[in-house]
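Generate coordinates for the entire structure from the input sequences, incorporating the hints supplied.
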Amino acid sequence: MDNQSNAPVWRNVRRIKNEISVEEGRELLKTCRRGALSVNGDNGFPYVIPVNFYYDEGDDRVYIHSARKGHKIESIAKDNRVCFTTWDNGKRIEGDWADEVRSVVVFGEAEIVSDLIIKEDRLRKFGNKYYPEPEEVEKEIEADFRNVELISIKICHISAKKVQEK
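In our numbering, the protein residues as written are 18 to 183.
Please keep in mind that the hints were generated in silico from the structure rather than gathered at the bench.
Listed next, the in silico SDA-like pairs over lysine to any residue satisfying Cα-Cα at most 20 Å (straight line): (1) Lys171 <-> Pro67; (2) Lys178 <-> Asn106; (3) Lys108 <-> Val180; (4) Lys179 <-> Glu111.
As the structure is a computational prediction, the values presented were derived from the model and not from experiment.
This is the structure we're talking about:
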């Protein structure tokens with residue numbers, strides 16, 4: 018998507034006053050625990066799946082683990098353009114009943130990680146985000162490393178905003 022003649026034109030947040038910085042969006046990628054991955058699915062229908070994920074700041078990519086086969090993997094093989102979003106739990110605005118929620122939307126290009134060293138490293142970091150003990154992560158990697166795919170999303174565009182839920 019770096020080719021200038023074919024570069025997409027990304028939409029701006031419609032309500033500019035609700036926009037938050039890309040840095041705040043990346044912070045959400047680091048701290049949120051669940052998100053939704055959207056792929057171009059069967060028969061032109063979008064397919065959205067709730068997922069756990071890991072954001073690696075060093076390579077500015079989002080990682081998602083997956084079974085080796087299935088709708089998600091097959092869709093990415095046909096069209097690697099994806100959209101991923103996550104959001105925080107919100108916070109109550111003093112004196113109001115509605116929460117203020119921050120979210121980030123990532124447009125990117127997905128690929129299956131084939132480099133086994135990178136795959137193991139990112140799966141370990143991924144596991145350490147969710148498992149309470151590193152020993153549990155090592156057991157999972159040892160048991161299932163060859164049975165999982167790791168999807169890497171190269172970030173092409175980030176958009177982030179906050180909204181009050183009323």
